[in-house]
Amino acid sequence: MTDQRLPSLFDVEEMELSFGPQHPATHGVLRVQLKLDGEKIVDAKPIIGYLHRGTEKLFETMPFPQCIPHTDRMDYVAAATNNQGFCVAMEKLLGITIPPRAAYIRMMLAELQRLASHLVWLATHAIDIGAITPFFYTFRERDAILDLFEEYCGARLTLNTMKIGGVPFELPAGWTERCSALVDGFPAHIDEYEELLTNNRIWKKRTIGIGVVSPEDAIDWGLTGPPLRGSGVRWDIRKVFPYDRYDEIDFEIPIGKNGDTYDRYLVRMVEMRQSVRILRQCLDRLPAGPVIAKIPKVLRARDGMVYGSVEAPKGELGYFIVTTDKATEPYRCRVRPPSFVNLQLLPDMVRGHLVADLVAVIGTLDIVLGEIDR
Amino acid sequence: MTDPLIRYVVVPLAQTVVILLVLLGIVAYLTLAERKVLAWMQVRIGPNRVGPRGLLQPIADVFKLFAKEDLVPAKAERFVFLLAPILIFVPSFLVWAVIPFGETFTVAGVPVTSFIADINIAILFVLGVSSIAIYGIILGGWASNNKFSLMGGLRSAAQLVSYEVPLGFAVVSVLLMSGTLSLVGIVEAQRDAGIWFFIPGILGFGIYFICGVAETNRNPFDLPEAESELVGGFHTEYSGMKFAFFFLAEYMNMLVVSSLAVILFFGGWLPPFPNLLAGLWQSPLLSWIPPFIWYLIKVMIFIFVYIWFRGTFPRYRFDQLMAVGWKWLLPLSLANVLLVGIGVLVLKG
Numbered sequence: 001m002t003d004q005r006l007p008s009l010f011d012v013e014e015m016e017l018s019f020g021p022q023h024p025a026t027h028g029v030l031r032v033q034l035k036l037d038g039e040k041i042v043d044a045k046p047i048i049g050y051l052h053r054g055t056e057k058l059f060e061t062m063p064f065p066q067c068i069p070h071t072d073r074m075d076y077v078a079a080a081t082n083n084q085g086f087c088v089a090m091e092k093l094l095g096i097t098i099p100p101r102a103a104y105i106r107m108m109l110a111e112l113q114r115l116a117s118h119l120v121w122l123a124t125h126a127i128d129i130g131a132i133t134p135f136f137y138t139f140r141e142r143d144a145i146l147d148l149f150e151e152y153c154g155a156r157l158t159l160n161t162m163k164i165g166g167v168p169f170e171l172p173a174g175w176t177e178r179c180s181a182l183v184d185g186f187p188a189h190i191d192e193y194e195e196l197l198t199n200n201r202i203w204k205k206r207t208i209g210i211g212v213v214s215p216e217d218a219i220d221w222g223l224t225g226p227p228l229r230g231s232g233v234r235w236d237i238r239k240v241f242p243y244d245r246y247d248e249i250d251f252e253i254p255i256g257k258n259g260d261t262y263d264r265y266l267v268r269m270v271e272m273r274q275s276v277r278i279l280r281q282c283l284d285r286l287p288a289g290p291v292i293a294k295i296p297k298v299l300r301a302r303d304g305m306v307y308g309s310v311e312a313p314k315g316e317l318g319y320f321i322v323t324t325d326k327a328t329e330p331y332r333c334r335v336r337p338p339s340f341v342n343l344q345l346l347p348d349m350v351r352g353h354l355v356a357d358l359v360a361v362i363g364t365l366d367i368v369l370g371e372i373d374r
Numbered sequence: 001m002t003d004p005l006i007r008y009v010v011v012p013l014a015q016t017v018v019i020l021l022v023l024l025g026i027v028a029y030l031t032l033a034e035r036k037v038l039a040w041m042q043v044r045i046g047p048n049r050v051g052p053r054g055l056l057q058p059i060a061d062v063f064k065l066f067a068k069e070d071l072v073p074a075k076a077e078r079f080v081f082l083l084a085p086i087l088i089f090v091p092s093f094l095v096w097a098v099i100p101f102g103e104t105f106t107v108a109g110v111p112v113t114s115f116i117a118d119i120n121i122a123i124l125f126v127l128g129v130s131s132i133a134i135y136g137i138i139l140g141g142w143a144s145n146n147k148f149s150l151m152g153g154l155r156s157a158a159q160l161v162s163y164e165v166p167l168g169f170a171v172v173s174v175l176l177m178s179g180t181l182s183l184v185g186i187v188e189a190q191r192d193a194g195i196w197f198f199i200p201g202i203l204g205f206g207i208y209f210i211c212g213v214a215e216t217n218r219n220p221f222d223l224p225e226a227e228s229e230l231v232g233g234f235h236t237e238y239s240g241m242k243f244a245f246f247f248l249a250e251y252m253n254m255l256v257v258s259s260l261a262v263i264l265f266f267g268g269w270l271p272p273f274p275n276l277l278a279g280l281w282q283s284p285l286l287s288w289i290p291p292f293i294w295y296l297i298k299v300m301i302f303i304f305v306y307i308w309f310r311g312t313f314p315r316y317r318f319d320q321l322m323a324v325g326w327k328w329l330l331p332l333s334l335a336n337v338l339l340v341g342i343g344v345l346v347l348k349g
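So the sequence lines, in the order shown, correspond to chains A and B. All letters in the first sequence, in the order written, are residues 1 to 374 by my numbering. All letters in the second sequence, in the order written, are residues 1 to 349 by my numbering.
Worth flagging that the hints you see were computed from the coordinates, not collected in a lab. These numbers come from a predicted model, not from an experiment. Watch out, some of these pointers could steer you wrong.
Claimed, not checked - Calculated lysine-lysine pairs in the DSS-like style (CA-CA distance at most 27 Å, straight line):
| id | chain 1 | residue 1 | chain 2 | residue 2 |
| --- | --- | --- | --- | --- |
| 1 | A | Lys163 | A | Lys92 |
| 2 | A | Lys92 | A | Lys326 |
| 3 | A | Lys163 | A | Lys294 |
| 4 | B | Lys327 | A | Lys205 |
| 5 | A | Lys35 | B | Lys75 |
| 6 | B | Lys327 | A | Lys204 |
| 7 | B | Lys327 | A | Lys40 |
| 8 | A | Lys45 | B | Lys147 |
| 9 | B | Lys147 | A | Lys40 |
| 10 | B | Lys147 | A | Lys35 |
To be verified - To give a feel for the contact side, a few chain A residues facing chain B, derived at Cβ under 10 Å:
| id | residue |
| --- | --- |
| 11 | Leu17 |
| 12 | Glu39 |
| 13 | Ala131 |
| 14 | Arg140 |
| 15 | Ile202 |
Even glycine gets a Cβ: it sits at the ideal position worked out from N, Cα and C.
Make a model of the complete structure from these sequences and hints.
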């Protein structure tokens, strides 16, 4: 308050607005420092770190199997794929081949998780744009999926549902039938959401041409997952570097054309339908056999490093693990969270748009602060 | 003739008290109705804890809001901050002075009208008084000393001003047909014409209702309080009963807009199509249901549409909202006035 100069009538001043970390539309504790000209965004700076829990450092202090519960807490709406990423990387490091049944169970859990995660995305994205009803429909189905998880591993969110070398449990009796019923009914539910949104004029007006990302930009900035595919780049870890048994499964990778919010919405909707297709095939082909490979009680690594990645619902989730000889815990574990990388493009995507578009763009990036801050 | 004291003092006072109490009750239960209807649309149950089937929920809400701490932010402009809820609340009740909802009846030999006053410029009174509420919104947004509130207030002011214009023109088309500005006169004109004005004025009705939704800041035009963008919009900083005033005013405005729609386009308290149905259906039922109930049913249908909108639509963006108002509704409403004017000229000579 040192500047006592009276502002003249025509002095246009940029307004600074701190959007978050306590804000209903930032999906957690993201803070965006906005510079506004009226309602127009001149600049946006995402500020992260409010949910930092030192997960990577924690990994260095505990034996490999004990790291898995900590991966749950990163992308807390998609814990199964987090587990899967860590296990895939560790198996690559230790040279373990998992039994086919374990791989199929893993794929089923991962695809169920992808459905659950996309449902949360759709719910929050729609509610940010003002459509409140899809929220309740999607959470109804998500609850059914979480029921399946609960039946399998006892937890609904922080699943801890995979082990290095396979999965911890055999499927409970009747699980496949219940999963099958859910999978069969699911396309009808997706139709229901699409009925509310896909051809809605207001929805289209709010999403088409908003937050456009060119394919070149998307690749340069290292985007992965739906934000990359929405720009028309056909890239999916499940196809290009297949893990578990994804090479045996028949599915397609949807891509968008214009790289705007609407295309990313469509991509995710088709992805859900593809997940249903993968689940159907897994259920039909589920092989018999053990669910975990024969591995020593105490896992000891050699000198080495490995990068293993999976296609998480939000993009490429990678673990870079460095180990020393005979160590039982990682020397260093660096996580490449998809949300963190995807969030980088936020300022470019919203510059010149209005405040209302900011929430649409945050929604379409589908970020989870747990894995951004780790 | 009855005693002028009764005629000009006792009866209007009694009317005012009764109307105020009934309105407060209706508004309180509108909040419950909205939550229940939305819940049914959204595969939920809705409030069902307080009283049988949640029927006492509004009362519990009122007690809760009374008991809440009444915060005024440290850097708020105190006087204006207190003034804003009053400015928004009072006009929403004031307009009921001229809104009629039935025919005159007699109580103990004294004729009692179903309105407090039938002034000859009633529609202007309603539009004028309800415009005062804009000051409440913009002042409340400004006085909170909060950037989100300020943006909500500014959005709201721009929105209300721009939607008032096509709304006014839509009303003008009705005035052309009825030839009077009195709300009672408009209903009587519809009775005499034997046709409700929404049939010749379907375009005008569409414009009126869209603008009405925008005027009441309801979805899909609920930008001023867009929760996901502006947290709470202009009432972010308000708590306790001050917040309740904003909240009640919103529901009251829904009632006002719906009531006006019923009066202007759907024959007010008249039973549906008496002269059309008379031949088909000698209807004891239609005449047995009192006019007030007909009126209430029609208003509730509009309220339901409001809630339905909220359960269905996403929200417009600010610039798109202005584009809809100025680029579509305004030219359309002007064309509508012209069309109706020509029609009236041709038919009435």
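Here is what the structure says about each hint:
Taking the CA atoms of Lys163/A and Lys92/A, the gap is about 13 Å. The hint holds against a cut of 27 Å. A distance of roughly 16 Å separates the Cα atoms of Lys92/A and Lys326/A; the hinted pair therefore holds under the 27 Å criterion. Taken as a hint, the Lys163/A and Lys294/A pair is honoured in the structure, with Cα atoms around 12 Å apart against an allowance of 27 Å. At most 27 Å may separate the alpha-carbon atoms for a hinted pair to count; Lys327/B and Lys205/A meet this at roughly 16 Å.
Between Lys35/A and Lys75/B the alpha-carbon distance is near 22 Å, which keeps this suggested pair within the 27 Å criterion. For a cut-off of 27 Å, the pair hint linking Lys327/B to Lys204/A stands: about 19 Å separates their Cα positions. At roughly 21 Å between alpha-carbon atoms, Lys327/B and Lys40/A fall within 27 Å of each other, so this suggested pair holds. Note on Lys45/A and Lys147/B: the hinted pairing holds, with a Cα-Cα distance of about 18 Å set against a maximum of 27 Å.
For the hint pairing Lys147/B with Lys40/A, the CA-to-CA distance comes to about 14 Å; that is within 27 Å, so the pair holds. Between Lys147/B and Lys35/A the CA atoms are separated by roughly 12 Å; this keeps the pair inside 27 Å, and the hint holds. A hinted interface residue such as Leu17/A counts as satisfied when its beta carbon comes closer than 10 Å to some beta carbon of chain B; here the least separation is about 5 Å, so the hint holds. For Glu39/A, the interface hint holds, the least distance from its beta-carbon to any beta-carbon of chain B being 6 Å, beneath 10 Å.
Taken as an interface hint, Ala131/A checks out: its beta carbon lies about 4 Å from the nearest beta carbon of chain B, inside 10 Å. For Arg140/A, the shortest C-beta to C-beta distance to chain B is roughly 6 Å, which falls under 10 Å, so the interface hint holds. Annotation: interface hint on Ile202/A holds; nearest CB of chain B at approximately 5 Å, less than 10 Å.
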